[in-house]
Structures are given as structure tokens and as C-alpha cells.
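> So the chains spell out like this:
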Amino acid sequence: MSVGTMDKTGTMDRVDLKALISATADTIAAHADELTTLDQAIGDGDHGLNMKRGFEAVRAEADTFAAKPLPEALKAIGTKLVMTVGGASGPLFGTLFMALGKEVSTEPDRANLAAAFGKAIEAVAARGKSQVGQKTMLDVLQPVHDALLRGKTGAEITDAADSAADATVPMKALRGRASFLGDRSIGHMDAGARSVALLVRAVVETIKGHA
Amino acid sequence: MSNVGIVIVSHSPLVAEGTADMVRQMVGDEVPLAWCGGNGHGGLGTNVEAIMGAIDKAWSEAGVAILVDLGGAETNSEMAVEMIGEPRAQKIVVCNAPIVEGAVMAATEASGGASLREVVATAHELSPS
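Protein sequence lines, in the order shown, are assigned to chains A and B.
Position 206 of the first sequence, counted from 1, bears residue number 206 in this note's numbering, the numbering being contiguous throughout.
Numbering-wise, this note's numbering comes out as the position in the second sequence, counting from 1, plus 1000.
If you're looking for bench data, these hints aren't it; they were derived computationally from the structure.
Model, not experiment: these values are computed from the prediction.
Accuracy of the hints is not assured; some may be wrong.
Beta-carbon label-pair distances, calculated as ranges [what the hints assert, rightly or not]:
id, chain 1, residue 1, chain 2, residue 2, range
1, A, GLY209, B, PRO1098, 15 to 23 Å
2, A, LYS129, B, GLU1086, 20 to 28 Å
3, A, ASP16, B, GLN1025, 52 to 60 Å
To give an idea of the chain B side of the interface with chain A (calculated C-beta under 10 Å), a few residues [said to hold, decoys possible]:
id, residue
4, GLY1043
5, LEU1070
6, GLY1071
7, GLY1072
8, ALA1073
9, ALA1080
10, MET1083
11, THR1122
Ideal Cβ positions, reconstructed from N, Cα and C, are used throughout, including at glycine.
Kindly generate the complete structure, drawing on both the sequences and the hints.
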């Protein structure tokens, strides 16, 4: 199956879901140590390993997922992440994909994708009982959603994601383990925010590469 | 068994098992009880599949109260309840209480035949509001 995405001019390009799975698993694997180091600074230090385990589990069943229509594929990938990532990241990243699958159409245009992404962010916020500004993955998801809505290019979207992850450094954590540290959480990037930025870049570059 | 069941979910299997031992000391076999802990790969953490299994094991038609330690245990427990789905999900509550005291108090309440609402309220009394 393929994922249809609409670029700014409304041209449909089609991307193999397997390529997306492979690109996201690659980037998580390549940055697993970095993610763990970020999480060690202000968390429990398992984020990199947990994310790698989850995305490798998704990669291992890429053929099965790719055979499904996009909504079902995303829901199944989300469930797989819930079951394999462990830690709070499992339900949070899993919910992101599951909710995306619930809202997205079989061949989404940009408007549908943006709307579905917005709903998925709401689901993640509800799952984590969190909101933007608390030094979490939401602090990258929200700017990416804004960029999607505003018709930004792929490069602008990845830039927005990277800047947003950087912007978590001076924030004080109000959710998760890092919040136990209070002011001492200031000065470190949130590992979940960094993961989202990595995933966004992998997805955008894969889609661009197929355009 | 008609008494409310108790599930203990800790990041550490040692904490979960130790808490379950303390519960057993109070209530014996009068309350369905299950525990899980660890990430399923030998490390600290919690695991949705294991939590779903523990809920099955401690299942009671009167309901199940889950006691958790840190954030990930709560998030994973809520995810497990959602994946179990209705009609059982409405009879499962993730308690906001300290795990050891909450489990012992909740189980003691449950052993007297209290309803799920009463069991959960007993656990919640332990948390500063």
C-alpha cells in the first residue's frame, strides 16, 4: 500500500509505508544512545533503548503493516508500540499512532493529515494528562501541527521540529520523571521531544525522497 | 470470588512482589490478587501486556483496583484498561495512592466485601488532595 500526501501545490505523491517504517526505525536506532543520554540527565534513562525496541518490533512486521490500508496500519503500529516500547513512552507514542490511524483517511490529503494529526496530539495530551509548555513531546508535536496547517514545506516542518526540541532545553519539566527534579530539569533537552523531531525528519525526508 | 480484586503494578518486580506479600499477610486468599513489575526484558519498567495479564488473573465481577508506583505505571495501567475495553473496563480503577499502603488498605477493605467504589475511596484517602 502507499501513503498519499499532498504537497503545497496539491500534487499527490505516494510513499511506500515500508520506507517510512524503515526510515523511522533507522533514525531511532542511530540516535538511541543520544536519547538515552538525554533521558539519563533528567529521567530514568531508558528512553533510547525502549524506543529502539519498539521501532525494531514495528520494522520486524513491516510487511504485515504495509499490507493494510493506512488507517488500520497506523492503528496496528500504535498497538505494537504500546506493547513493546515500555515505560510511559509506549502508551504515549502508541496513542499518537493509534489516534492518527483513527482519524486519517485511506489516502489523506494535507488537510486530512493535518486534522488527523491535531486529533492525535489531543489524544497524546489526554493520555499523558499534559499540555504544551511542560517540557514534553507535545512541545514538538504542536509546532509541527501548526506548520502543517500553515502549508509549510517539508524543510520548514523539520526546522520547526528541531527548533521546538531545542526550545525544551530552558523549560522546567512539569510532567514525567523530569518534573521530580524541578528547576534542575532546566538546561536539558526533553528526550521525548527529541524523538518526535527525529521521527518528523525521517518521515518528511522519506516523503520528499519519493516525490 | 465475589470480592474486589487487587492488582499491583510497580517498575520493580521486587517491589510488586513484596507488596503482594504484605497484602497476602493481611487478607490471605480472600481477595483475588496479582502483581507485575519490570519491562519484560529484565529491566525496571512497566509493560502493558503484563498488566493486562495481571488484571485477568485478579479479575472479579465486583471489579479490580490497580495500585501503581510512578507515572509510567499509571500511564501503562490506563492504557491496559483501555485495551481490555468495555464492558470490563468500567469495573477497573487505577488508584491514586501510595502503592504499598494503598494495596494493603484497599485489599483489607475488599476482604470485607466492600464495593469497588469503597475500595478505591479507601486507597484514595491515603493521598493528599
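> When the structure is checked against the list of hints, which entries are broken? Sort them ascending.
Hints 1 and 11 are the ones this structure does not satisfy, whereas the remaining hints hold.
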